[in-house]
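Undergrad: Letter by letter, the chains look like this.
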Amino acid sequence: MLDQALESLKTYEWGVDPKAVKSIQDAVVASHGDAAARKKLESTLADVLSTDVPRAAKDIVCRALKTIGTAHSVPALAKLLHDEELSHMARHALQTNDAPEAVKALVGALDKAPKKIKIGIISSLGARGTGVPVAPLATTLTDKDAEISTAGALALGAIGSTDAAKALGSAKVNDTNRIAVCDAMLHCAENMLAHGKKADAKTIYGTVLKIGPTKAAKIAADLGVKASA
Amino acid sequence: MTIMKTTRRKFLSTTGTATAALGFPSIIPSSALGNADKPAPSNRIVMGGIGIGNMGRGDHGAFLGKNDVQYVAICDVRKGAMNQGKAKTDAKYGNKDCKAHDDYRELLSRDDIDAVHIATPDHWHAQMIIEACRHGKDVFCQKPESLTLGEGSLMVETAKRYGRVVSGGSQRVLQDYKGTVLRCWNGSYGKVKSINVNVGPMSKPCNLTPEKVPDDINWEMWLGPAPWAPYNSKRCSGSFSTSGNSWRSYIDYSGGGMTDWGAHHFGGATFAVDVRELQPNEVVLDEIDGKKFVSLRYPNGIEITHNKPGVGQMHVGKGEGQRKGKEVPKYAGSGGITGDFIDCVKTRAKPFRHIEYAINTMAVPHLTVAAYKLNRSLKWDAAKQEFIGDAEANRLRNRARREPWQI
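Chains as they are written, first to last, in the working numbering: chain V, 1 to 229; chain X, 230 to 636.
Hints in this document: simulated from the structure, not taken from any laboratory.
Some hints here could point you the wrong way.
Only part of the chain X face toward chain V is listed, based on derived beta-carbon distances under 10 Å [to be verified]:
no., residue
1, D340
2, Y418
3, N510
To list a few chain X residues with every Cβ distance to chain V over 10 Å, as calculated [claimed, not checked]:
no., residue
4, S271
5, Y322
6, D331
7, D332
8, M431
9, T438
10, G467
11, K521
12, N536
13, V540
14, K547
15, P558
16, N604
17, Q635
Quick reminder that beta carbons are idealized off the backbone N, C-alpha and C, glycines included.
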């Protein structure tokens with residue numbers, strides 16, 4: 001059944017009945033706890049990504065690798081990160097892949113990525129939260145393109161660490177990224193509060209109030225100042 | 230005296246938000262809004278709507294019909310729905326003032342809007358709720374409020390951060406299960422042990438044949454944060470079908486009947502057995518006579534079962550001992566769940582389907598789906614919002630958003 005489904009990938013265009021490839025998802029579930037079977041399945045699927053199967057087929061493969069992907073499938077997925085059609089689905093698999101190699105692949109793809117794809121990669125790094133280096137995201141805060149600095153700010157907020165807050169504190173705020181920078185700093189401050197670091201949180205809230213927050217962010221920061229008293 | 234001298238807008242933007250976040254609801258006396266049947270425009274809640282087809286059309290009509298609402302903006306990615314919404318609004322007020330937007334970000338950026346209602350497909354809900362809160366708007370959002378487990382906590386955090394009133398939109402929770410709810414709450418069942426919900430199906434993969442994109446729809450914006458896919462009328466139909474003829478059938482946009490009707494049924498169940506403030510900590514995949522079902526166990530011992538063979542819809546399992554009766558919570562204000570929302574926008578109290586209750590409810594079908602999909606039982610740490618000791622299950626909590634969408 002799995003062999004048939006893998007064969008079907010070669011002609012899996014938009015419009016083909018998904019039942020043709022259902023056995024791939026079944027194999028994902030059935031191989032739980034069987035390391036050898038998983039490794040073989042992951043390897044087989046990763047290999048498909050370097051072939052000329054249709055986009056819909058690679059979409060299916062990325063969805064399966066989201067569940068079972070390890071460091072082994074990272075290189076195959078990383079090659080798709082600059083592909084305008086497949087970058088998102090590659091991130092779909094990489095964003096939740098626990099291997100540190102997945103972070104390295106995402107970070108490594110940042111510099112040369114076109115704008116829209118770069119924003120997506122930044123978003124995935126933020127969504128991972130832990131284990132993501134702050135420095136590459138801090139660099140995006142200084143990007144001349146305000147949409148990229150906006151994405152960077154939101155990602156740093158999602159990470160919420162002391163280093164992230166520090167980077168955000170030195171962000172160049174403009175009308176385009178103001179809401180994101182404020183939100184990110186508020187996010188960091190809440191993280192500090194949750195860890196009992198009231199003084200650190202209060203400092204961040206104070207910074208938000210100094211940078212000219214939106215009305216909504218000012219209310220949030222005022223509330224935060226009270227909460228960190 | 231201070232409140233009476235404060236304008237409605239100033240009140241909403243300062244005092245009200247602070248009191249909500251601090252948990253001290255404050256009431257605006259009727260004098261502050263005017264005692265006439267129809268408050269002066271300056272004292273009405275200024276609203277806009279995003280997603281005006283199907284349920285959005287109903288919500289639009291409900292808010293438009295309220296004397297204490299001034300409706301000023303419509304947004305839809307379908308021109309037909311957008312224009313109809315504008316025409317309906319303008320006809321109501323006898324002017325041409327309603328602004329039609331095809332990009333919700335324009336609507337949210339308007340300083341004159343206090344609150345929005347959202348009735349888009351589910352894959353947009355988290356994005357829009359979170360952005361609306363960042364813009365200082367109060368939000369009424371149709372159910373199911375979340376598409377994934379991960380979105381839920383982000384929505385709750387953001388609403389709390391900005392002191393926003395955010396209400397979910399299941400009118401059926403209070404309406405459809407009154408008898409069961411009353412008997413649970415007034416103690417006539419004694420201590421309640423369990424309740425069963427029969428609902429489905431789960432959503433499925435979509436690979437429909439590409440069709441030409443009609444001029445009426447902005448397809449890129451319809452897809453938004455969901456994976457790119459070619460246009461097909463069934464893929465984006467807003468019909469209530471969960472068997473392949475609408476977006477409600479497909480994984481990228483919906484949890485299927487499990488979350489669509491599930492938002493109502495599980496909402497009724499969590500309300501009846503009074504666990505709206507909790508999330509389950511154990512999801513047990515079980516089997517009777519070859520038929521799989523799930524039991525969701527709460528820290529307080531209550532159990533919600535899904536599709537338990539031989540057990541009826543909303544059947545309550547009675548425990549041992551008595552339960553002291555409590556008054557059943559109800560909507561604030563008048564006019565059902567939309568009236569509840571408007572009243573809470575004024576008072577800054579928590580709405581009946583407060584976003585935290587909504588997300589706790591939605592956790593039930595999301596956890597259930599995870600157990601069925603992975604074909605195993607799971608343990609859930611509600612405080613950390615993660616599965617315990619199951620890395621694969623944790624991968625199901627979130628999905629990458631298609632660029633450039635980010636929350």
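Undergrad: Would you mind marking each hint as holding or not holding in the structure?
TA: Hint-by-hint comparison with the structure:
1. About 8 Å separates the beta-carbon of D340 (chain X) from the nearest beta-carbon of chain V, less than 10 Å, and the hint is met.
2. The interface hint given for Y418 (chain X) is broken, as the beta carbon of that residue sits about 38 Å from the closest beta carbon of chain V, more than 10 Å.
3. Interface hint status for N510 (chain X): violated, as the beta-carbon distance to the closest one in chain V is roughly 20 Å, over 10 Å.
4. With 10 Å as the threshold on Cβ separation, the claim that S271 (chain X) sits away from chain V holds: the shortest Cβ distance comes to roughly 18 Å.
5. Every Cβ of chain V is farther than 10 Å from the Cβ of Y322 (chain X); the closest lies at roughly 27 Å, confirming the non-interface assignment.
6. Every C-beta of chain V lies more than 10 Å from that of D331 (chain X), the closest at about 19 Å, which supports listing it as non-interface.
7. Against the 10 Å criterion, D332 (chain X) stays outside the reach of chain V, whose nearest CB is about 14 Å from its own CB.
8. Annotated as non-interface, M431 (chain X) keeps its C-beta farther than 10 Å from every C-beta of chain V; the closest such distance is 12 Å.
9. For T438 (chain X), the requirement that its beta carbon stay farther than 10 Å from each beta carbon of chain V is not met, with the minimum near 4 Å.
10. For G467 (chain X), the non-interface assignment is confirmed: its Cβ lies about 22 Å from the closest Cβ of chain V, beyond the 10 Å cut-off.
11. For K521 (chain X), the requirement that its beta carbon stay farther than 10 Å from each beta carbon of chain V is met, with the minimum near 13 Å.
12. Listed as a non-interface residue, N536 (chain X) keeps its Cβ farther than 10 Å from every Cβ of chain V; the least gap is roughly 19 Å.
13. No beta-carbon of chain V comes within 10 Å of the beta-carbon of V540 (chain X); the shortest separation is about 26 Å.
14. Distance to chain V confirms K547 (chain X) as a non-interface residue, since its nearest Cβ pair spans about 36 Å, more than 10 Å.
15. Non-interface call for P558 (chain X) relative to chain V: holds, since the shortest CB-CB distance, roughly 26 Å, exceeds 10 Å.
16. The Cβ of N604 (chain X) sits about 5 Å from the closest Cβ of chain V, inside the 10 Å cut-off, so the non-interface label is violated.
17. With a cut of 10 Å on Cβ distances, Q635 (chain X) falls inside the contact zone with chain V, its closest approach being about 4 Å.
Checked against the numbered hints above, the structure violates hints 2, 3, 9, 16 and 17; every other hint is satisfied.
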